[in-house]
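Novice: Assembling the complex is the task here: the two chains are given apart, and the hints tell you how they should meet.
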Amino acid sequence: MNQRSELLSGNEATALAAIKGGVRFFGGYPITPSTEIAEIMALELPKLGGVFIQMEDEIASICAIIGASAAGMKSMTATSGPGFSLMQEGIGYAIMTEVPTVIVNVQRGGPATGLPTKVAQGDVMAARWGTHGDHPAVVLSPWSVLESFTLTVKAIEISERLRMPIILLSDEIVGHMREVVSLPDSVSVYERKKPTKSPDEYLHYADDTNYDSPIASFGEGYRIHISGLTHRKDGFPTNDPKTIAWKMDRLRNKIDQNRDWLHYSEQFDLDAETIIISYGSSARTSLEAKYEYEKKSGKKIGFLRLITLWPFHYKKLTELLKNAKRVVVVEMNQGQMIREISRAVPRGIDVTGVNRVDGELITPEEVLAAL
Amino acid sequence: MNIEIAEYLRLDDRFPHILCPGCGIGSAMNAMVRAISESSMNKNEICVVSGIGCSSRVPGYIDCDTFHTLHGRAIPSATGIKLARPEMEVIVIAGDGDLLAIGGNHFIHAARRNLDLTVILINNFNYGMTGGQFSPTTPQGKRGTTAPYGSVERDFNVCEMAKVAGAVFVARSTTYHTPHLKGLIKQAMKKKGFAVIEVVSQCPTLYGRLNRMGDAIKMLEYYRDNSITVTQVKEPKDAEGKIVIGVLWETEAPEYSEVYKKVIDIAQKK
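Protein chains in written order, with the numbering used here: chain A, 1 to 371; chain B, 372 to 641.
So that you can see chain B by itself, here it is in the shape it has in the complex (with noise of 0.2 Å):
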């Protein structure tokens, strides 16, 4: 073990996780730690906030503060720490059915509020906990348990959704590209606001045994070869078919503590 990152993990009790052989959460989490790690950040100003589902597990196996909430109310619940606590750092990590479906309509007030909350967004396609069933991200005609025939529903475009909604950093990488991941999850920590990564990952336990799309590494290696850099893309037709990572967006907005502590200012008279 890294000794580096064994500090932000709860190495006494907490492992081995309950992640399946070949799952990408256990990626996505390492690149968290890592950035966490390579930020310099105290642990003890830091907390994991997360919803329910496979990757709203991941708080457990960090050594830092810890909120494991209601299924979709990560968002919800980080915002009372974070104003509460403003000093700290607080990360949300969840995955697609948890941030999207139920807690959808937290993701798009808090991103129009722009909160300084770092989320991470695992996108692994479908309800794993649960044992397969389709979510807001399965693309229309993939199969989960409950589209046995394939989805009949159109699926969202989280980065897009987020920007729109008022997210002042939006990013996309993969379990595959995980020291990217990184980058941008310490770029996210970084950024004064309400910030967005989406990680597609895989699951090869259930969406990608439904799909037929081989084994964890024949998945990883898919996001390696269909994968293309934000910068790569000239025209929109380079995007295609195409995963897009790297910043999506960025840019500069009043942030929702900031503009609170203002009107404190004009309630105090000061």
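Just chain A, same shape as in the assembly (with noise of 0.2 Å):
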């Protein structure tokens, strides 16, 4: 493979995975500090015979994407705090229909308009429960621009194998940052299985499975309903208990199911008393604030940085945090992981946040004080 080093910002390696993932519609409104994936692609996908196009408001792009996608191409959104407000009924529109699509959110400082070119991860309980209503959700958590990269291929990837809206949830620091990285050329992007049923057959929810189900497009012959109404496995709306109790598990399971595969953390020295776990751009203090420590103690620090944030694999951090006598979760904003990651460790386990949301990022002294 041929591969070059390149100087590139998060949220250029982020638009970039995204055109060589194979998103050919990108949808979206200019909005600090996501604004330059929309820029790139519309440099971009007119060179590849792409779609880009900037819709009104935050809404219409992600009706936009959502169309595109259940037209059959892969679809893109990037936007920020006040923006991802905005999409949240969309992307609920997204789950109930099951539309594959991924949501970049690079988080500034809220609420409301808040600081748009500062940094903030307050926007983590928002990717999770932002739509109404009970719903599965994946959030994916970039700390590099090589990672903005990876990641942003593996949301496309994940969005089409679970047939969901996939929301990768950047930061203004990760988004902004310049870092040295080799990217590979091309990358492999599962595609979306046609359907192989005659149209009179066809369901579009059928619930043989739910991961890597074939899925008719819009423009393909089997003449689909889709309806955010809550329906029946041919799409038509239902008031019928056990099927609405179907739909329910059925958006349930994508996440039930699949759980152990979605979870992605990096983790070292976890078998010393205090861990260190963090996500983002805090997650590169809390490393150098990590060894920092060691440097001066002599003592291990364990550190835990979390990828994926939704599904939260309860069981597995149950696990990675055994041996753990005290914890430090170090997060841009006043304290939203901490409480999962709370019941993730055993009663009388110390869980300590640090936390800052001045729109400044953490530095490595702030960690060493809670150590």
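Hints may be right or wrong, so weigh each one.
What the hints assert, rightly or not - Pulled a few chain B residues facing chain A out of the computed Cβ check, cut under 8 Å:
| id | residue |
| --- | --- |
| 1 | 439 |
| 2 | 477 |
| 3 | 638 |
Stated by the list, open to error - To be clear about the criterion: a stretch of chain A counts as covered by chain B if any three or more of its residues have a C-beta under 8 Å from a C-beta of chain B, and this derived list gives those stretches:
| id | stretch |
| --- | --- |
| 4 | 72-80 |
| 5 | 83-94 |
| 6 | 219-231 |
Keep in mind the hints are simulated off the structure, nothing from the lab. Built from N, CA and C at the ideal position, the CB exists for glycine as well.
Specialist: Okay, here's the thing in structure tokens:
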């Protein structure tokens, strides 16, 4: 494989990954700090015969990418805080109708307009629970430029396999920092399977499997019906309690049956008494703090970086943290992931948060002070 | 059942429909299906897209690809489909509340872009599905359940708005004039660009009852007696108090996909 080194930002790497991963439709609306992704898509997609469209708002953007995906094109959008809020209803629609797509949220300070140019990790719960109703969520959090690339490809792959929207939860630091990376010239991405059954026999939501199952798109002669109303296997609305329960279980099973392979994390020295847990850009400071602490004290500190934020794998976390006497959770919010982590460790284990919400990156010194 | 239109309906299990007795939406749907049938289009190459509301339940009955999207979001959803599959005929059918209130911004911008969509706006002057609240087209002073003393707000003239926003084909008909409506829908589908047809329609169950307009027949008779074709309007006063029907505006303008194709050519240095 021919690789060359490039100096790229996280946002640039995300856009390039989308293109290499087969995204040929991007609908978006300008918003700091995600706009570079739209700018690159506007430049690059026409070269490949793909479609870039700047919609009138983020609501229109998510609807356009859902429409394009339902018509068979891999699609994506990128946004930040306020735009992510506007997309929530559409995200729920894609979950309910089982349309694959990717939403990149480059987090900035909130709530409201908040801090457009400054970093935060305050959308962890919005990414999980932002849309109404019970629903599955898959949220991936990159910490580097290279990972902005690899996780974007992974997000496309998961969205196609599980037929659902996947959220890449980046942040302003990861999106805007530049690193030297060697990106592959090509990536292999799962291609949506086409149904082999005749249109008369085809069910858009057949329950043989909801993983890797064939999907018909608009325009392929299957004359499918896609509705955000709770529906039957054939896509038409229902009020039958058993069918409603089937649909809700089907959505939940996307996570329950695939939780293990959806879990990505990176960890070292978990046999140490104290373990730092972090994700995204604050994991970079956390790792720095680990090395500083070890240099000064000679004692090991454990490090666990969550790459998959949702689904949160409680069993896996309990297993990883079984030797911990103390856990320090570093995140740029007022304490969001710490609650999930507290539920995964035995009672009596001290779980301390290191938090910052003033738009500045947490420093290694702040993490050190908590160790 | 007329055999030509039966082919375009999901007759096996979707009927009877959910619409109230006397509702105008069925007439509009009938006109749309006949327009499709008479245009001899391949039903595998048609996508009917809607939002939420009574009018937006139409796609469920049509045997084509059908997309029942979020409230107000039929047009941006249709935009994604049309750009992904330009060869498809994409028809949006939805109501006044859906397309003009919650979806008003999308309507304006889709007209401005001039993407090749056909929009059938069924205007029954109220939110039917939720029980008769006033909408952006409820005339000032007319009642809705959220306007018990009469609507305070002025109403939209949707055809004028579509025209100034950039639509290349704007027409109006009523549920009384269904053959006329069918003809307009055929013209709109043929037209390259953003085409809008306003269908003035009765809601005898809610809007009609709240405003003491009589039953469905009375309301249809009102449309019969108070409509005037656009060619009959010689001077502005002829149209006063009337429903002006026909092609109200038609022009030529570059269509979005065609312009975007040129962008692709430039990007690929063809």
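Novice: Evaluate each hint against the coordinates.
Specialist: Now for the hints, and whether the structure bears them out:
no.	hint	verdict
1	439	holds (4 Å)
2	477	holds (6 Å)
3	638	holds (4 Å)
4	72-80	holds (count 3)
5	83-94	holds (count 3)
6	219-231	holds (count 11)
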